[in-house]
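Enquirer: Generate coordinates for the entire structure from the input sequences, incorporating the hints supplied.
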Amino acid sequence: MNITERAAEPVYTSDRPAIGTYEQALAHIGRTSTRYVAEVAVSEGSVKMFCAMIQDPNPAYWDREVANRVFGGPVAPPALVQGTVLPLPWKPTADQPQSLAVFAIPLPGRTLINVSTEAVHHRPFFVGETLSCYDEVVEISPERTTRLGTGHFITTVFHCVDEAEEPIASITNVMFRFGAETAR
Amino acid sequence: MSHPTPATSQVTAGRWDELAEGSVLPEVALTVTDLTVILVPVATWDLFPGHHSPAYAQAQGQQDMYLNTIALQGIADRSVTDHLGADAWVIRRKLAMLDSVYPGDRIAGSALVVALRRDATDNTRHVEADVVLEMSTGRGTALRAELTVRRYTHPTGH
Numbered sequence: 007m008n009i010t011e012r013a014a015e016p017v018y019t020s021d022r023p024a025i026g027t028y029e030q031a032l033a034h035i036g037r038t039s040t041r042y043v044a045e046v047a048v049s050e051g052s053v054k055m056f057c058a059m060i061q062d063p064n065p066a067y068w069d070r071e072v073a074n075r076v077f078g079g080p081v082a083p084p085a086l087v088q089g090t091v092l093p094l095p096w097k098p099t100a101d102q103p104q105s106l107a108v109f110a111i112p113l114p115g116r117t118l119i120n121v122s123t124e125a126v127h128h129r130p131f132f133v134g135e136t137l138s139c140y141d142e143v144v145e146i147s148p149e150r151t152t153r154l155g156t157g158h159f160i161t162t163v164f165h166c167v168d169e170a171e172e173p174i175a176s177i178t179n180v181m182f183r184f185g186a187e188t189a190r
Numbered sequence: 051m052s053h054p055t056p057a058t059s060q061v062t063a064g065r066w067d068e069l070a071e072g073s074v075l076p077e078v079a080l081t082v083t084d085l086t087v088i089l090v091p092v093a094t095w096d097l098f099p100g101h102h103s104p105a106y107a108q109a110q111g112q113q114d115m116y117l118n119t120i121a122l123q124g125i126a127d128r129s130v131t132d133h134l135g136a137d138a139w140v141i142r143r144k145l146a147m148l149d150s151v152y153p154g155d156r157i158a159g160s161a162l163v164v165a166l167r168r169d170a171t172d173n174t175r176h177v178e179a180d181v182v183l184e185m186s187t188g189r190g191t192a193l194r195a196e197l198t199v200r201r202y203t204h205p206t207g208h
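Residue numbers (the numbering used here), protein chains in the order written: chain A, 7 to 190; chain B, 51 to 208.
I should point out that these hints are in silico values taken from the structure, not numbers from a laboratory. Cβ atoms here follow ideal geometry from the backbone N, Cα and C, with glycine treated the same way. Some hints could be false.
[To be verified] Stretches of chain B that chain A covers, calculated by requiring three or more beta carbons in the stretch to come under 8 Å of a beta carbon on chain A:
1. 117-129
2. 174-188
[To be verified] On the chain A side, residues computed to face chain B include the following (Cβ under 8 Å):
3. P16
4. V17
5. E124
Expert: What follows is the structure, encoded as structure tokens:
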């Protein structure tokens with residue numbers, strides 16, 4: 007096994023986003039992350055576990071014959087698309103850390119929550135496909151106060167693409183970054 | 051730890067012909083347990099601690115760990131796919147999350163058809179519907195959604 011040292015570049019994640027000021031954050035509008043290739047292909051196990059979680063009885067996800075007849079293959083739920091490109095919590099190598107642009111925005115808020123999302127699904131995706139993703143920062147609001155606290159709304163677009171870099175889904179997401187203290 | 055309850059709605063494929071603007075689809079509901087929320091990182095690889103750590107969630111101002119966006123998207127999709135069958139494919143979904151969904155909640159709601167488009171030459175196969183959806187828990191409205199669902203036609207002609 008080829009064990010390499012971890013990358014020196016900081017990797018910002020949902021539970022450890024970059025910290026800074028609103029003025030610093032504004033410089034991130036328009037930035038795009040590097041493309042991240044999913045660790046594993048979409049699996050039948052992932053599809054069934056997702057459907058079990060939300061008790062989705064759709065036969066397209068449980069009956070291979072139905073999926074073949076309707077979609078031409080073992081289709082995955084559109085809602086799962088972002089769940090096919092999230093990173094592992096640990097790897098023996100530092101070859102490909104996921105570093106989304108949304109978490110690299112320096113803001114005072116140390117925690118976050120999604121507020122709204124709008125997804126456009128360009129085509130079905132299938133068990134066996136390996137998806138890639140990247141995101142771009144569209145907008146950062148001035149400071150706002152909600153029932154959860156004071157912070158900033160961040161609008162990003164998350165792109166999922168296939169191995170030919172053709173689009174599978176485009177997801178516009180609004181996230182609230184808030185809280186002066188780290189939530190633990 | 052409790053296990054998920056059985057699905058609360060039946061799949062009744064092939065209701066496309068009956069769809070009309072103003073149609074209300076049967077209610078979809080999910081009783082959320084500790085296990086439902088713990089399955090979020092298992093099923094979606096979303097490791098944000100608000101979805102598996104009650105202590106972290108409470109420090110955020112939440113009452114407990116809560117479902118993630120991906121799970122809520124899937125529940126919203128069920129409001130149409132449970133009733134329209136395996137060929138119902140959601141092509142657009144706009145979701146506003148107004149309240150978190152915690153273990154112990156029952157989230158439920160019904161989709162209302164607000165627009166329907168049928169192909170004049172083949173109006174049983176080429177159908178697209180816009181629906182609006184509001185889902186609530188015992189505390190009030192948890193999410194509002196707009197979805198566009200299309201009757202999927204495989205490019206090979208199926």
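Enquirer: Does each hint fit the structure? Answer for all of them.
Expert: So, going through the hints one by one against the coordinates:
Counting residues of the segment 117-129 of chain B whose C-beta lies closer than 8 Å to any C-beta of chain A gives 10; at least three are required, and the coverage claim holds. Coverage of the segment 174-188 of chain B by chain A is violated in this model, with 0 residues showing a Cβ closer than 8 Å to a Cβ of that chain against a need of three. Because the smallest distance between the Cβ of A:P16 and any Cβ of chain B comes to about 18 Å, over 8 Å, the interface hint for this residue is violated. Using the Cβ-Cβ criterion of 8 Å, the hint placing A:V17 at the interface with chain B is not satisfied: the shortest such distance is roughly 13 Å.
The beta carbon of A:E124 comes within 4 Å of a beta carbon in chain B, closer than 8 Å, and the hint placing it at the interface holds.
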